[in-house]
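Protein chains in written order, with the working numbering: chain A, 591 to 924; chain B, 591 to 924.
Keep in mind that a hint or two might mislead.
Copies of the same chain look alike in the list, so a pair counts if it fits in one copy or across any two.
Lysine to aspartate or glutamate pairs mimicking EDC-like chemistry, simulated, CA-CA at most 16 Å apart [unchecked claim]:
(1) LYS592 / GLU826
(2) LYS592 / ASP618
(3) LYS592 / GLU641
(4) LYS837 / ASP856
(5) LYS634 / ASP781
(6) LYS774 / GLU735
(7) LYS774 / GLU657
(8) LYS774 / ASP656
(9) LYS739 / ASP890
(10) LYS774 / ASP655
(11) LYS837 / ASP802
(12) LYS592 / GLU623
(13) LYS855 / GLU771
(14) LYS665 / GLU771
(15) LYS665 / ASP655
Keep in mind that the hints were calculated from the coordinates and are not lab data.
In this text the structure is predicted, and so the values were computed from the model without any measurement.
There are 2 protein chains.
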Amino acid sequence: MKKIAVDAMGGDNAPQAIVEGVNQALADFSDIEIQLYGDEAKIKRYLSDSERVTIIHTEEKINSDDEPAKAIRRKKKASMVLGAQAVKNGEAQALLSAGNTGALLAAGLFVVGRIKQIDRPGLLSTLPTVDGQGFDMLDLGANAESTAKHLHQYAVLGSFYAKNIRGLANPRIGLLNNGTEASKGDTLRKDTYALLDGDPSLHFVGNVEARDLMNGVADVVVTDGFTGNAVLKSIEGTAINLMGQLKTSITSGGLKAKIGAFFLKDSLYKLKDSLDYSSAGGAVLFGLKAPVVKCHGSSDAKAVYYTIKQIRTMLDTNVVGQLVDEFAKNEGKE
Amino acid sequence: MKKIAVDAMGGDNAPQAIVEGVNQALADFSDIEIQLYGDEAKIKRYLSDSERVTIIHTEEKINSDDEPAKAIRRKKKASMVLGAQAVKNGEAQALLSAGNTGALLAAGLFVVGRIKQIDRPGLLSTLPTVDGQGFDMLDLGANAESTAKHLHQYAVLGSFYAKNIRGLANPRIGLLNNGTEASKGDTLRKDTYALLDGDPSLHFVGNVEARDLMNGVADVVVTDGFTGNAVLKSIEGTAINLMGQLKTSITSGGLKAKIGAFFLKDSLYKLKDSLDYSSAGGAVLFGLKAPVVKCHGSSDAKAVYYTIKQIRTMLDTNVVGQLVDEFAKNEGKE
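Same shape as in the complex, but just chain A (with noise of 0.2 Å):
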């Protein structure tokens, strides 16, 4: 059976989202329980019956708005350091949480901790690519700082991760960079490069440029967490402003428009579909001693429940325990 603690009252829908989430994967999925961590009255106006349902409940909750650090030091009893402190004591094999996503990170690291040959864990997510495929990114904006051999830990991660979860056999890693020749960009960037390059565990394939990352150009994209964050918010920022200047140019373009979009609604619904990859599950900080797993703020129960489902994979195929083995042989190595 594995154990997972779910924190019912982060993000925008909390604890609806999150309980009706956990209510679907209680019924797909007959191996997992769960912990729920939050308002019991509030919780249970949500909740299917089940015996593989825990409520631990508690009044205290980090707001979105909270300083992370701080926020997990003094909000002891908050939903999210609880389920953290039950990763931590065993209670419980992995975390989610919709909440805040720096006292998460914060949460993570002092609370459940990092491997420890893993310098720094990264926050890796699966983005849309045109193909369908997707493309696991990280950092995300784990750490704003990074040397190259952070670097090449997120590239060793990003790979396990991509071969377990994703099952793909030898996942291409690309370095983003601001051009595509070896020679391209910065200092770190060029450490990176020669690092990734002369790394026989790893599927290389060179230096990939923002513009390309949703054709698929490589399965693992490796990058700083400052600029993977900048990218990661300048690819929603675009998504979120053309569907609705889309939206805006139908329904200001006057019954022509509307009598168009009718008849294409079909079409715009699937392309909503292709950029909505929540199904991909949630952001990995990845590198931790067990799986701590973040839903977008705005998730609704699907989004919930493919997080669970993607948390309950990570459980399955040891990947977490199989970090740990590459990186003491590693360790032997340097």
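Dock chain B against the given chain A, drawing on the hints supplied.
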């Protein structure tokens, strides 16, 4: 009379698009003279009669895959290099090219030369916002590594550009960061924040996130060249792929979708127009002794026309001369 050197041979649609853009600019603006550098016979095929245009024949040109610095050194008779030389020698006051970006940056720095007090000219472009006002961003990739002092200079450069070329009285300057709070970011961002916040000549509005750029959170957005390049290419790549997906979902959507698209045509064109920001001109390597402006490689005649218009405004307002004065003044203070 303003004298503008134009590389007739750079870009995917050269020389036709370049020459046709020049024709239109000469017809509309009676105060410009154009020097066209490139293959005379090919240029003449498209050039309209005008007393204010000269062809400087050369058969050499820089290709899009040439190594920039090497190309500038070795291809001394290339159309782009001859144009830069003309600016250096005072025969022309500005240079336009749609060719190899790296080579144009190198020609700008090593042939035209930077303003003494500006350590690192930055690549600046006006990008679209949903309200149609646009925002200026720099550095978009002229420099892979930057210090806080450089980013501060970019802010001053961007503010000058927005005032003089876009006519904004008090441009709002934003620092691209991984969160809006003042404490966010890496050392470079924190140091830059302090410099921008402490400069009374700037209307600094704080940190801005990549997700909000298209919403017009600032008139000028400052970042290092590595991040700027990644963000620009992320926006471009997402927009291109989304529009492509939209097209695919229509063409593969059967008769119903095609009827819809027929009725929606005007609205979809309007959307495409709102993304097409070529009327704002090209990307300026700002901080040089003269305007050096890069058109997108895929520029059509309209984009070339608007870039000439932009250069004309830069010469009209003497924005480069004012930059020299401003930086000379600041130099005394240090």
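For each hint, the structure was consulted:
1. Taking the shortest Cα distances, LYS592 and GLU826 never come within 16 Å of each other, neither inside one copy (33 Å) nor across copies (43 Å).
2. When the C-alpha separation of LYS592 and ASP618 is checked against a cutoff of 16 Å, the pair qualifies only within one copy, where the shortest distance is 14 Å, while the shortest distance between copies is 73 Å.
3. In this assembly of identical chains, LYS592 and GLU641 lie within 16 Å of each other by CA distance solely inside one copy; the values are 14 Å within and 82 Å between copies.
4. Taking the closest pair of Cα atoms, LYS837 and ASP856 come within 16 Å of each other both inside a single copy (14 Å) and across two copies (13 Å).
5. For a Cα distance limit of 16 Å, the shortest separation of LYS634 from ASP781 qualifies neither inside one copy, at 53 Å, nor across copies, at 49 Å.
6. In this assembly of identical chains, LYS774 and GLU735 lie within 16 Å of each other by CA distance solely across copies; the values are 12 Å between and 20 Å within a copy.
7. In this homomeric assembly, LYS774 and GLU657 come within 16 Å of each other (Cα to Cα) only across copies, at 11 Å, whereas the closest approach inside a single copy is 37 Å.
8. Taking CA atoms no more than 16 Å apart as the test, LYS774 paired with ASP656 passes between copies only; the shortest distance there is 14 Å, against 39 Å inside one copy.
9. When the C-alpha separation of LYS739 and ASP890 is checked against a cutoff of 16 Å, the pair qualifies neither within a copy, at 37 Å, nor between copies, at 44 Å.
10. Taking the shortest Cα distances, LYS774 and ASP655 sit within 16 Å of each other only across copies (13 Å), while inside one copy they are farther apart (38 Å).
11. Taking the closest pair of Cα atoms, LYS837 and ASP802 never come within 16 Å of each other, the shortest separation being 26 Å inside a single copy and 18 Å across copies.
12. In this assembly of identical chains, the alpha carbons of LYS592 and GLU623 lie at most 16 Å apart only when taken from the same copy (6 Å versus 75 Å across copies).
13. In this assembly of identical chains, LYS855 and GLU771 lie within 16 Å of each other by CA distance neither inside one copy nor across copies; the values are 42 Å within and 40 Å between.
14. Taking CA atoms no more than 16 Å apart as the test, LYS665 paired with GLU771 passes in neither setting, with 49 Å inside one copy and 21 Å between copies.
15. Only within a single protomer do LYS665 and ASP655 lie at most 16 Å apart by alpha-carbon distance; the minimum there is 14 Å, versus 57 Å between protomers.
When the structure is compared with the earlier hints, violations turn up for hints 1, 5, 9, 11, 13, 14 and for no others.
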